[in-house]
Structure formats: structure tokens, C-alpha cells
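Novice: Each chain is listed here by its residues.
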Amino acid sequence: MAVRLAELAVRFGCELRGDPEVCVDRVAALENAPAGALSFLANPRYLKHLATTSASAVVLDAASAAACPVPALIAANPYATYARIAQVLHPDAAFNGGRHASAVVEGGASIDPTAWVAAGSYVGRNARIGARSYVGPGCVILEDAVLGADCRLVARVTLCRAVRIGDRCVFAPGAVIGADGFGHAPDQDGYVKIPQVGTVLIGDDVDVGANTTIDRGTIGDTVVEDGVKIDNLVMVAHNVRIGAHTVIAAMVGIAGSATIGQRCMLGGQSGIVGHLSICDNVALTGKTMVSRSITKPGVYSGNLPADEARSFRRNSARFQKLDELARRVRRLEGGLAEETKEDTDE
Amino acid sequence: MAVRLAELAVRFGCELRGDPEVCVDRVAALENAPAGALSFLANPRYLKHLATTSASAVVLDAASAAACPVPALIAANPYATYARIAQVLHPDAAFNGGRHASAVVEGGASIDPTAWVAAGSYVGRNARIGARSYVGPGCVILEDAVLGADCRLVARVTLCRAVRIGDRCVFAPGAVIGADGFGHAPDQDGYVKIPQVGTVLIGDDVDVGANTTIDRGTIGDTVVEDGVKIDNLVMVAHNVRIGAHTVIAAMVGIAGSATIGQRCMLGGQSGIVGHLSICDNVALTGKTMVSRSITKPGVYSGNLPADEARSFRRNSARFQKLDELARRVRRLEGGLAEETKEDTDE
Amino acid sequence: MAVRLAELAVRFGCELRGDPEVCVDRVAALENAPAGALSFLANPRYLKHLATTSASAVVLDAASAAACPVPALIAANPYATYARIAQVLHPDAAFNGGRHASAVVEGGASIDPTAWVAAGSYVGRNARIGARSYVGPGCVILEDAVLGADCRLVARVTLCRAVRIGDRCVFAPGAVIGADGFGHAPDQDGYVKIPQVGTVLIGDDVDVGANTTIDRGTIGDTVVEDGVKIDNLVMVAHNVRIGAHTVIAAMVGIAGSATIGQRCMLGGQSGIVGHLSICDNVALTGKTMVSRSITKPGVYSGNLPADEARSFRRNSARFQKLDELARRVRRLEGGLAEETKEDTDE
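Top to bottom, those sequences are chains G, E and V.
Taking the working numbering, the leading residue of the first sequence gets 5, the next gets one more, and so forth.
Taking the working numbering, the leading residue of the second sequence gets 5, the next gets one more, and so forth.
Taking the working numbering, the leading residue of the third sequence gets 5, the next gets one more, and so forth.
Careful, some of the hints might be misleading.
One copy or two, either will do: identical chains are not told apart, so a pair holds if it fits within one copy or between any two.
Claimed, not checked - With a cut-off of at most 25 Å between alpha-carbon atoms, the simulated DMTMM-like pairs for lysine to aspartate or glutamate come out as follows:
| hint | residue 1 | residue 2 |
| --- | --- | --- |
| 1 | K300 | E229 |
| 2 | K197 | D96 |
| 3 | K300 | D327 |
| 4 | K300 | D311 |
| 5 | K300 | D230 |
| 6 | K197 | D171 |
| 7 | K300 | E312 |
| 8 | K325 | E312 |
In case anyone wonders, no lab produced these hints; they're calculated from the structure.
Taking the hints into account, I'd like the entire structure generated from these sequences.
Specialist: Shown next as C-alpha cells:
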């Protein structure tokens with residue numbers, strides 16, 4: 005949809021430099037924006053594309069505005085302002101309330117008349133779906149599940165029995181919320197399954213990526229607080245708690261009963277061992293394994309970078325004798341002042 | 005459902021200390037159990053909660069029974085006994101045999117009259133579903149697949165062509181059993197797909213987690229033996245064999261033709277390289293990569309723990325010269341008695 | 005289906021040694037092939053099984069043909085030739101064009117009359133499905149998506165809005181193509197979702213494994229070139245580009261805007277950090293993390309192999325002081341000629 009810059013400036017609190025009557029109807033990157041497109045500059049790295057952009061307008065900060073050859077919307081946080089405008093220019097498809105004839109809705113389910121239940125979806129007994137929520141094709145919402153208002157289940161999402169979801173949440177295809185946690189008591193002949201009688205509580209404004217799984221609690225609940233953003237193929241085990249506004253990249257695994265603080269950023273393929281806690285404002289770089297609680301905000305790493313295989317193999321063989329190497333060094337040092345704490349731990 | 009302690013004691017072979025007429029109708033944790041709840045004590049760490057519990061009864065071992073302020077069910081293995089009782093108090097929802105009107109069942113399929121096929125599910129030609137098995141909403145069971153008795157497919161499970169599943173298995177939503185294994189023969193212009201003509205054989209009492217995938221064999225079958233428990237987002241490749249009662253945590257990947265022994269425990273995000281074997285009773289800690297066969301039972305690790313990023317980066321840079329460092333140490337030692345095996349391997 | 009060796013020899017350009025009238029109707033491994041089966045020998049490791057095979061014919065190279073006790077089809081690339089013959093002997097089930105009565109097809113969708121849309125599948129507005137393509141049970145194809153000719157969606161595949169797929173692609177169950185990329189702009193109160201206005205472009209002859217996810221681009225598209233083969237549970241983030249004939253094993257994660265070259269092989273559970281590039285002909289061993297661009301073809305590694313936990317823990321503790329150890333060694337060396345580049349970087 006086309007919007008005048010004047011309207012965008014007012015609506016998003018930007019200073020406008022340039023013709024207020026110019027209209028934009030889509031977003032595009034600085035370097036290849038067609039006429040009619042809005043672009044943005046949030047990272048100085050892309051400043052080089054500004055001078056030659058064909059965008060009809062650019063969202064940027066005051067410092068960069070002078071260099072902008074086209075109309076500029078000046079914002080304190082250009083990236084977030086751009087995101088909000090992009091939502092206006094590229095809205096989700098509108099829909100009417102109701103349900104497709106092929107959807108199955110069991111007795112006792114309560115679906116707000118402004119919500120839509122698409123083809124082939126299933127809504128179990130006593131489930132509730134809030135106002136203006138969109139349940140796409142092939143979703144399964146089991147009995148007693150509660151979905152808030154303004155949520156969007158794109159397609160083929162599963163909400164298991166009695167999970168509770170807040171408002172304005174988005175679930176990508178294949179997400180599974182509330183499968184049984186992984187609990188089995190060892191017995192002489194194998195394992196006995198432990199019923200998982202808790203559920204999953206998800207706050208408001210939570211995003212859940214494609215094929216991500218969030219398991220229900222064993223006793224007590226798995227909790228995802230407001231504003232948490234979770235990427236694809238993430239595993240959140242039973243009784244985990246994730247603090248508000250934490251961001252979790254793809255393929256992160258969080259084991260049972262771990263507690264993650266607020267505003268953390270967990271890099272892709274990281275793993276958190278069960279029953280420990282990570283404080284607020286912790287960032288993990290990719291593929292990091294956390295096996296002890298983290299009590300101090302900061303950035304943590306734990307994965308070696310790629311090297312040529314031949315070289316890596318040689319170093320890796322040395323690693324397997326690293327303790328011995330350290331002892332040899334100490335011996336060379338004559339066991340004097342350099343003796344360090346970890347040596348005395350032996 | 006409410007059950008008298010007297011009945012539980014008889015049924016599960018516990019000694020009962022306390023009023024046999026007391027009823028419990030759910031399970032809860034020691035520290036916040038409401039009246040009417042059964043709790044358990046299996047780990048001494050939680051002993052502190054015993055004295056103040058409001059549970060109506062507690063399952064525990066003989067040694068802890070004296071400290072129990074409420075009726076006690078004494079068991080040799082309190083955790084497994086608790087699990088069994090919890091299954092009684094929190095049974096899966098009962099269902100009648102039959103099929104939902106929206107389910108599609110192809111010709112030649114044989115569905116036991118006591119089994120249920122839920123809304124939107126599909127059962128292909130000549131597939132077989134055993135007694136009292138539950139096929140939840142949105143499942144797809146392709147032609148010639150065989151599902152045993154008393155199985156539970158929660159929702160949106162896929163059983164591909166001709167896979168064979170034993171009795172009492174549970175599949176969480178999104179599990180895919182029997183997709184084609186990943187086999188492509190390199191050719192001058194790219195790759196040629198190798199038909200995967202084997203299938204998947206799953207024993208009895210196997211649990212498969214949400215969005216886990218178990219591929220069919222290339223030639224010959226992928227085999228999962230009795231009692232194996234598999235968590236979410238696990239990958240089991242073609243022609244893998246997993247021994248009985250092995251437990252596999254989330255996000256483990258097992259590459260093609262690997263053989264895993266019995267009663268192993270594979271920690272989350274571990275990876276097993278193809279064509280190797282792991283003997284019985286091996287445990288892997290999280291994120292461990294196994295690139296050689298393991299022939300000795302025990303615990304194995306292979307992943308560095310998280311450290312502050314700055315410190316990790318420094319050490320990691322040193323790792324990339326570790327072989328050189330070891331040579332320097334040997335030079336300092338003068339090539340004398342300390343010369344070790346790996347040095348002579350150079 | 006049974007085929008005469010004479011026909012196979014002509015069709016696949018093999019030299020035939022043995023009776024041209026012999027028929028084969030399936031494939032099997034050398035060591036347990038029944039009569040009527042075709043086997044192959046591509047790896048000298050399996051030569052020991054050749055002498056005693058009961059296969060009715062074997063595909064192998066000229067050098068091994070003399071040792072073959074049964075009819076031989078001699079090929080320059082026995083594995084690829086075997087793969088092609090196996091496709092003939094084990095064809096996908098034939099199907100007629102049309103749609104199952106329970107499939108839902110929205111207005112404006114264009115389905116080639118030779119394509120099949122199976123039970124419970126959904127085809128959105130203006131989506132297009134090409135000739136002879138097979139859409140299995142429970143698939144969801146959203147509005148404006150384009151699927152080429154001769155594709156196969158086994159079951160429960162999701163193609164999101166406006167993705168474009170070439171010809172002869174295969175998608176295993178649970179694959180999700182075109183979910184929103186993971187983009188959120190930080191703001192004072194949390195994050196603002198960035199609309200993902202690009203799409204996914206997939207070339208010809210691409211295979212996508214079970215529960216794999218390929219996200220749509222933020223601005224601009226995510227691109228998978230011809231002949232790429234992707235295993236299960238892989239994550240391809242927004243704006244990634246994957247070069248032709250690259251092979252990606254299970255559980256690999258490729259972060260946003262990374263570019264992967266042609267004919268690469270990415271080992272299982274590897275991770276590629278965002279915004280970097282990997283040149284053509286790079287192989288990664290399993291679980292390797294690539295955090296810098298790779299500009300030189302070759303094999304790269306980055307993950308320590310499993311060791312006994314006790315030993316690994318000791319070495320890992322030393323790793324956390326490796327920088328200090330290196331400094332101690334330098335001190336022992338007296339800061340002389342051995343002083344190396346990384347020391348002077350400190």
C-alpha cells in the first residue's frame with residue numbers, strides 16, 4: 005500500500021527532509037531500490053550506497069541525513085523505525101472472522117468471531133482462540149489450549165493440550181508447543197515414562213520459528229516471558245524459563261529446568277545444560293555450550309573456529325595431551341614462582 | 005482420578021506408613037503440593053522440602069521415611085514407582101474406537117476397531133493400525149505402514165511407506181519416520197539420487213520426540229530396538245541401529261550406518277559420525293562428537309565449556325598453534341627423557 | 005519391475021558380461037542379495053563380498069569385473085550407474101493427475117492436469133503446480149507459491165507464500181520453505197519485527213530433507229541453486245545463497261546472508277556464521293563452525309573428538325589457561341628467536 009511521507013513522519017515521529025507528498029509503497033535495499041521504495045541506513049557500512057540510491061525515501065539518523073540525496077525520514081533508531089514502517093507497507097493479508105468449511109472444531113471450543121480458522125485445521129474441546137487471531141491451514145490446537153488475541157499461526161502449527169499463549173504471538177509452520185517433556189525413570193528393565201502434567205505458558209509478543217519445539221513441564225510449567233523471539237529448530241525442554249526479550253537463534257537447545265535471564269542473546273546451535281541459570285544480559289556466540297551457571301552479564305564463547313583439517317587434526321591431537329604438556333612446562337620451570345592455581349589442584 | 009493409598013500400596017508393591025483411606029488425585033512437587041497431591045523424594049537434594057510438604061502422601065525410600073510428616077509409600081525405586089502412580093493419576097484421555105468423519109482411509113487399510121483415527125488424518129493403502137492405538141489429528145500414515153497396539157501418535161506425525169512400529173510406542177507431533185535416507189552418488193554433472201529401498205523397524209515401548217526424524221534404510225533397514233527413548237529434533241540417519249533402552253537427548257545427530265549399543269545415554273546435541281559403532285553402556289555428555297568407534301563402556305566428552313569471549317578467543321588463537329607450542333616445549337626439554345609418544349609420531 | 009540386463013546395458017551405456025536374458029527386479033547388498041537382485045561394487049572395501057554374492061548381476065568397474073562370479077554390468081562410475089538403475093527398479097508409485105476430494109484448492113490456483121494433490125492438502129490463491137508434480141497428503145502450499153514440474157512433496161510439506169521451486173525437486177515430510185526470516189530491530193522496550201518481504205528461490209533437482217527449514221529473505225531472496233542436496237533438520241536462514249551441487253548433511257545451520265559456493269560438502273551439525281562466504285569446493289567435517297570466510301578450497305575442521313570424560317575435563321581445564329601456558333613457554337625460551345607472530349600480537 006502506498007503511503008505519503010508526511011503521514012509516515014507524523015505517525016512514527018520522524019523529522020522529514022524533502023517533499024511530504026512523495027509516496028512509498030514497499031521497502032527495498034539502498035543499493036537496488038526502485039522508485040517508490042523506502043530504504044534505510046542503520047549501519048555505517050552501507051553508507052557507500054546512500055549517494056547513489058534510487059529509493060524514494062530513506063530512514064536514517066540525523067548524522068547521515070545531510071548525505072542523503074533523496075527525501076529523508078530522520079529517526080533516533082532508524083532500524084526500528086524502518087521496521088515499523090515496513091509493517092505498514094507490507095501488512096499481513098487481511099482476513100475475515102470465521103472458519104473454513106473443512107476446519108474441525110470440537111464441542112466447547114470458543115473461537116472469537118473475529119478470528120479465522122483455516123482449511124484443514126483442528127480445534128479441540130474447550131480450546132479458546134482470541135480476537136483477530138489467525139489460525140492458518142493445517143494447524144492442530146488440542147483440547148483446553150488457549151490462544152490470545154492478534155496471534156498468527158502461519159500453517160501446520162501444533163498447540164498441545166492446555167498450553168496458554170498470550171497476545172500478538174507469531175508461530176511459524178511446524179512449531180510444536182507443549183509436547184511431553186522428556187522424562188523417564190530408570191528401572192531394572194528399562195525406563196518408565198513420567199507423565200508430564202505441567203504445561204507451557206507463553207507471554208505476549210513472542211515469536212516462535214519453524215519446526216521449533218517447546219515442551220510442557222513435568223510438574224509446574226515451561227515459561228516463555230513477554231517479547232521473547234525464538235528462531236527455527238530450537239529446542240526448549242520442560243520446565244525451562246526464558247526471561248523477557250531474550251532472543252534465541254536457530255538450533256539452540258535448552259535442557260530441562262534451565263533458567264535464562266532477560267535480554268539475553270543466544271547464538272545459533274548453542275546448548276544450555278539442564279538445571280542451571282543464566283543471568284540477564286548474557287550473549288553467547290554460536291555453538292557455545294554452557295555447562296555452568298553464568299552470573300555475570302557479558303559475552304561468552306566456547307567453540308573453536310574452523311581451520312584446515314590437517315592443521316586442526318594436529319592441534320587436536322595435542323589437545324588430547326594438553327594436561328601432560330602443562331605438567332612438562334611446569335617441570336621445566338622448576339616448580340618455582342610460576343606454579344599456578346590449576347597445578348596445585350592436581 | 006482419586007485413588008486410595010491402600011490401593012496404590014497394593015498395586016505397586018509399596019509399604020504404606022499412614023492412613024490407607026487417604027486419597028490422592030494428582031501429583032505435585034514436594035515444595036508446593038496442594039492437599040490431595042502425591043509427591044515423591046528420589047534425590048537427597050530435595051530432602052529439605054520434605055519436612056514442610058503439604059502433599060497428602062509421598063513416595064520415597066525406606067531411609068527417608070522416618071522424616072516424612074505425611075503418609076508415605078515406601079519403594080525401592082521411588083522415582084520409577086512415582087512414575088507408575090503418576091500414570092494412573094494422570095491417564096491419557098480415553099477414546100473410543102473408530103475414525104473421525106474427516107479422516108481419509110484408503111482401500112486395503114486395516115484399522116483395529118478399538119483404534120481411533122482423528123480428524124484430518126490420512127491412512128494409506130494397506131496400512132495397518134493395531135488395537136487401542138490412537139492416531140491424533142493431522143497424522144499421515146502412508147501405504148503399507150504397520151503400527152502396533154497401544155501406540156499413541158499425538159498429532160501431525162508422519163509414518164512413511166512400509167515402516168513397521170511395535171507396541172506401546174509414543175510419537176510426539178512433527179515426528180517423521182521413514183523419510184528417504186540421504187544418499188546421492190556423485191556424477192560428473194552433480195548427484196544421482198540413490199533410491200532408499202529399506203525401511204524403518206521400531207520395536208516396542210519406543211518414544212519419539214517432537215520433530216525428530218528417523219530415515220529409512222538405503223538397502224536393509226534402520227532399526228530402533230525396544231525401549232529406546234528419543235527426545236525432540238533428533239536425527240537418525242539411514243541404516244543406523246540403536247540398541248535397546250538407549251536414551252537419546254534432544255538434537256543428537258546419528259549419521260548413516262552407525263551402530264549404537266544398548267543402555268547408552270547420548271547427551272543433547274551430540275553427533276555420531278557414520279559407519280562407526282558405540283558399545284553398550286556408553287554415555288556422552290552434551291555436544292560431544294564421536295568420530296571413532298567406542299569399544300569401552302564409560303563416559304565420554306568432547307566439547308569445551310563456555311568462557312568469557314575475550315578469554316576464549318585468546319586461548320582459541322593459541323589452540324591454532326598448539327602443535328607448534330608442543331614442539332617448542334620439547335625443544336626446551338632438550339629432547340630428553342620427557343620425549344613422549346605423540347612427539348615421536350610426528 | 006523386472007528388467008533384462010541387455011536392456012539395462014543399452015540404456016545406461018554399460019558393457020555387459022554374462023547372459024543378457026537374465027532379469028533383475030530389485031536392488032540388494034552384495035552380501036545378502038537374493039536371486040533376482042542387482043547389486044553393485046563401488047568401494048574396494050566390499051570386494052570380499054563379491055566372490056560369494058548371490059546377486060543375479062553386479063554393477064562394477066572394469067578392474068573388478070574379472071572377479072565377478074555372476075553377470076556384470078561394467079560402468080565407469082558404478083555407484084552413479086547403480087543409482088540410475090535402482091531408480092528404474094524401484095520407481096516412485098505412479099499416480100494420476102487430479103486431486104483428492106478432501107484437498108482444498110483456492111481460487112486462482114493453477115494445477116497442471118497431470119499433477120496430483122493428495123488428501124488433506126491445501127493449495128492457496130494463485131499458487132501454481134507444474135506438470136506431473138506430486139503433492140502428498142497434508143501439504144500446505146500458500147498463496148502465490150510456484151512449484152515446477154516433476155516435483156515430489158512426500159507429505160506434510162509447507163511451501164509458504166510466493167516461494168518459487170524449480171523442476172524435479174523432492175521435499176521430505178515436515179520441510180518448511182519460506183517461513184519468515186529471523187529479523188527483529190532492537191528498541192527500547194524489546195524488539196520490532198522486520199517484515200520479511202523477500203522470498204525463496206529454489207532451482208532444479210534440489211532435494212530437501214525432513215523437517216528442514218529454509219527461510220525467506222528480508223529484502224531480496226534466499227537462493228538455493230540447481231542440484232543442491234539438503235538433508236534433514238537443516239536450517240537455511242534468510243538471504244543465504246547456496247551454490248549449485250552443494251551437499252548439506254543433517255543439522256547444519258547457515259546463518260543469515262551467508263554465501264556458500266558450488267560443490268561444497270557441509271558435514272553434519274556444522275554451523276556457518278552469517279554474512280560470510282565460503283568459496284567453491286570446500287568440505288567441512290562434522291560439527292565445524294565457520295566464523296570467517298573461506299577463500300581457499302579444501303577440507304576444514306573445527307571440533308574436538310570425544311575422549312574419556314575425565315581426561316577431556318583435565319585437558320579442557322588446561323585449555324582455559326592455554327594463553328598463559330604459551331606465555332610461560334615463551335618466558336622459558338627467554339624471548340629469543342622462537343618468539344612467534346602470535347606472541348608479538350599480544
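Novice: Compare the structure with each hint and give your call.
Specialist: Comparing the hints with the structure gives:
1. In the homo-oligomer, the alpha carbons of K300 and E229 lie at most 25 Å apart inside one protomer (21 Å), although the nearest pairing across protomers, at 44 Å, exceeds that limit.
2. Taking CA atoms no more than 25 Å apart as the test, K197 paired with D96 passes between copies only; the shortest distance there is 12 Å, against 42 Å inside one copy.
3. Taking identical chains as interchangeable, the C-alpha atoms of K300 and D327 lie at most 25 Å apart only when they sit on different chains, with a minimum of 22 Å there against 28 Å within one chain.
4. Taking the shortest alpha-carbon separations for K300 and D311, only the inter-copy value of 11 Å comes in at or below 25 Å, while the best intra-copy value is 31 Å.
5. Only within a single protomer do K300 and D230 lie at most 25 Å apart by alpha-carbon distance; the minimum there is 22 Å, versus 45 Å between protomers.
6. In this assembly of identical chains, the alpha carbons of K197 and D171 lie at most 25 Å apart only when taken from different copies (15 Å versus 33 Å within one copy).
7. In the homo-oligomer, the alpha carbons of K300 and E312 lie at most 25 Å apart only across protomers (10 Å), although the nearest pairing inside one protomer, at 34 Å, exceeds that limit.
8. For the homomeric pair K325 and E312, the shortest alpha-carbon distances inside one copy (21 Å) and between copies (12 Å) are both at most 25 Å.
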